[in-house]
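**Student:** Top line first, the protein sequences correspond to chains A and H.
Just so you know, we're using the UniProt record's numbering here: the first sequence kicks off at 1 and counts up by one.
Just so you know, we're using the UniProt record's numbering here: the second sequence kicks off at 1 and counts up by one.
Just so you know, these hints were derived from the structure itself, not from any lab.
For every residue, glycine included, the Cβ atom is placed at its ideal position computed from N, Cα and C.
Check the hints yourself; a few may be wrong.
Stated by the list, open to error - Heads up, incomplete: computed chain H residues facing chain A, CB under 8 Å, no partners named:
(1) Leu141
(2) Gly250
(3) Glu253
(4) Leu339
(5) Gly343
(6) Ala344
(7) Ala404
(8) Asn405
(9) Gly407
(10) Arg526
(11) Ala527
(12) Thr529
(13) Gln530
(14) Ile539
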Amino acid sequence: MTAISRRSLLGGAAGAAALTAFSSAMSEAVARAASDLRVYVLVVDGCRPDEAVGAYLPTVRSLAAQGTSFTAARSVTVAETIPNHVAMMSGVWPARSGVPANSVWDPALGEVRDLGLATDLLVPTVLDRLTGELGLATASVLSKDYLFGVFGTRATYRWTPEPMLPVTDHAPDVFTMDALVRVIDDHDPALVFANLGDVDRFGHADLSGSSLRLLRTLALIDTDAQLARFVAHLRWRGLWERSVVILLADHSMDWSLPLSLVNLASRLDDDAFLAGRCQIAQNGGADLLYWTGPPDERAAAVERMRSIALATPGVLSVHDPAGLNLGANAGDLVVYCKAGWRFTDPTVISNPVPGNHGHPATEPIPLVVSGGHPLVRRGVVSSAPARTLDVAPTVASLFGLQAPSGGWDGVPLSPAFAGVPA
Amino acid sequence: MEQTFDRRSVLRAGAATAGVVLGATALPTTSATADEPVFAHGVASGDPLPDAVLLWTRVTPTPDATPGSGVGPTVDVTWEVAADPAFAAVVASGAQTTGPGRDHTVKADATGLNPATTYYYRFRLDGAVSATGTTRTAPALTAAVARLRFGVVSCSNVPAGHFAAYRYLAERGDLDAVLHLGDYIYEYAGDFNDSVVRPHDPPREILTLADYRRRHAQYKSDEHLKRLHATVPFIATWDDHEVANDAWSGGAENHQPDTEGDYAARKAVAHQAYFEWMPVRNEADRIYRRLRFGLLAELSMLDLRSYRSRQVGIGDGGTDDPNRTLTGAEQMAWLENGLITSGAQWKLVGNSVMVAPLQLPPLSPELLGPLAELLGLPEEGISLNPDQWDGYAVDRRRLLATLANHGVRDTVFLTGDIHSSWANDVPRDAGLYPLLSKSVATEFVCTSVTSDNFDEILGVPPRTTSIVLETAVQALNRHIKYCELDSHGASVLEVTPAGTQMDWYYLANKADPASTLTWGRSFRTRAGTQRVQSVGTPIAP
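Kindly generate the complete structure, drawing on both the sequences and the hints.
**Tutor:** So, in structure tokens, the structure goes:
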């Protein structure tokens, strides 16, 4: 498999050779189907459903009009970037994928870290399975380092995000779209998974997020222009009629005022029993709480943490991670904040950004299935429940890929297609 | 100083604001007479489920078994449901015993039906056969539903006019159900504006079980209402006038214990008559309930009278008292849980009183709370009508916060009560809307079928003085996008995955039983937006 930077995309011979090598493994039927089908999963990171139908995203609205919109779509909790991108490509709950949040407490390292390592993702994804099982080329074009990291070498072609903006720590959409167009031109992968980070990153930083959303609006306008460029390129390349475009967000966005902060660490430290014996992985709108003391004191500690959290202004609710399908590395408790609030842990200056997600208020997302492929149903609006983890079963269904060991947790987005098996 | 306040005084306050003198309009009266055949009160259906629907009728087995009389034999009434109007294919049937103990009413739950299916039903008593009613079951729980259409009505007062609006809905032929949001009957002796088109029966304020039964019987004798009931299932909740004006859990503005007795006893008989005469599913005295229409919509019908604390007066700070409630704790928890966990896209809330703030001025608690406290004003400003959610600010804040906190979208409140037409965004904080506080739901308020509103109470021609107040209301309440205070009629709500649209149809003359209705205005809520938007054309019938 081939890692591609902008530089490597300029010379795609090696990738083309790799695709040719894999092609021999394809069955005739699948090869014929695959030769007709291209699937592009485009993530407008952090986009809100109301923005998707608003004035600043005409291309999204146009794609919706040419396809199927899922009006009840939601992200999986925790409504963060990494777990939802993983859900899209794996089709399973975080409890199985191993990726429940952006940040977790790593007991081996003794620190909170992002789940941005390839070894963090424990299950196959359609990026690697399409290649390994059907011999189809795939590509990932992801604007954030930790996404590039967590998906590792799973895609046949991978773009190293650059240049990275110093404050937002992501590659601007114009460069991401450059890479996306280039990988299509150079390698024409069957599946491309792309993340456009501007809307999220400028949303996080938008100090007018609670009111005018000035930065955010500029980002929306620019991202829409990039999407228009993408659609135009597919048409120009003659790929549109063979394309299924799944356009969605990984999570939404909520803005808080400067005084609407939740700092749980200080409250836990103020408790004599808990002090120094618990950790918090802060995820914007959600805190993951970990008991690091003796195991035989865990039950009492968890109840104490729960009680303290529930008594904290701005806290919405406290949950057992297992009840949220999050798995062991989500810790002992998941704490959500209310809309208009944010967590800032361990200190009150740890999270200065006004735009946050991770709490239930940020779970609603836009999700559109479009494209020129004859399978795509046009002008449909569906009330069917949909989640980010439905993307992988949909991709698999389109390409004829079987469910993974243990089955899918998501379901194919069948209302969007005419004649695609569920 | 405590100040009593009711709907009439809201409108009168508005009139005073506008500098207009109140006046009564004399309208011609008609007498209401009816034969008493066996099925004189028609047939009805209600509360459709995917596999069941309630069927209703009332029999008069002997001439003396009149409504409220308490006399007459106990009889067995049979019913049958068929897939065709000729009853060639009967799919369900049954029998029910009724008698004077339930005022000879019949309520049968026809089960084992197919979802999203039109059925025909009728009753038999001895040799008599009722008119044939048409009903329709709800879609299956997980069905993808492309469209629903509901008639939306409230505030139908016999003395105030004829129910031509019901006739209009019956004639449309495209409705899945009719939502009646309360004030299905009125308890007054006459009209509260002293202009009586048709006299009430009994000709007095109703107080006893016999009174309430007779009053329900009079309404069910109205030809327009009978026709609508026989055409489409109803989904109804009560507001105040099913018992008495401005009712609360322990009393009502229009109940004087010194002369009218114990309020609890009055409420009990009013509720008994309601349950006898209405095709609603109730568990004991509980009427709030939820109905599901596939993946497209879920309808929570509220009871905002039985559990509420007593209304406060204008300017009282009591609207912010956390010990006061509109819904009651149990109903609020039920509502919140339903909204959060709903498996349907659209969360429709059948809501008898307006949820959107109506304030002059629209203050916000964060910015002006301290000033309000100094002045002894409620934190959210001076409410025009504390009988609405405005008077119960703590409950409203909790409910709207729940919508925001849990990312609940596509919630639409469907409201009656105030005899006028409104389309509202529902922001968490009206004072900061739209810049700093976003809308978390929308609200469509239907006007009255006949009950008097602004122009009639003022005694001025419609669309004259009212326009001044409508303009002021919208200027001062930026979340209110439509406000029309004069017209009567019915609304039609269309629900699709892409949006909901409410069309208001207005009566030409409510004193004329043959009055036409014409389209007045339409607003929609597009999916995911939580905002209302004017639409230039009504939905196609």
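**Student:** Now tell me, hint by hint, if it's right for this structure.
**Tutor:** Hint by hint, here is what the structure shows:
| no. | hint | result |
| --- | --- | --- |
| 1 | Leu141 | violated, 12 Å |
| 2 | Gly250 | violated, 33 Å |
| 3 | Glu253 | violated, 37 Å |
| 4 | Leu339 | violated, 12 Å |
| 5 | Gly343 | holds, 7 Å |
| 6 | Ala344 | holds, 7 Å |
| 7 | Ala404 | holds, 4 Å |
| 8 | Asn405 | holds, 5 Å |
| 9 | Gly407 | holds, 5 Å |
| 10 | Arg526 | holds, 6 Å |
| 11 | Ala527 | holds, 4 Å |
| 12 | Thr529 | holds, 5 Å |
| 13 | Gln530 | holds, 7 Å |
| 14 | Ile539 | violated, 15 Å |
Violated hints, listed in ascending order, are 1, 2, 3, 4, 14; each of the other numbered hints is respected by the structure.
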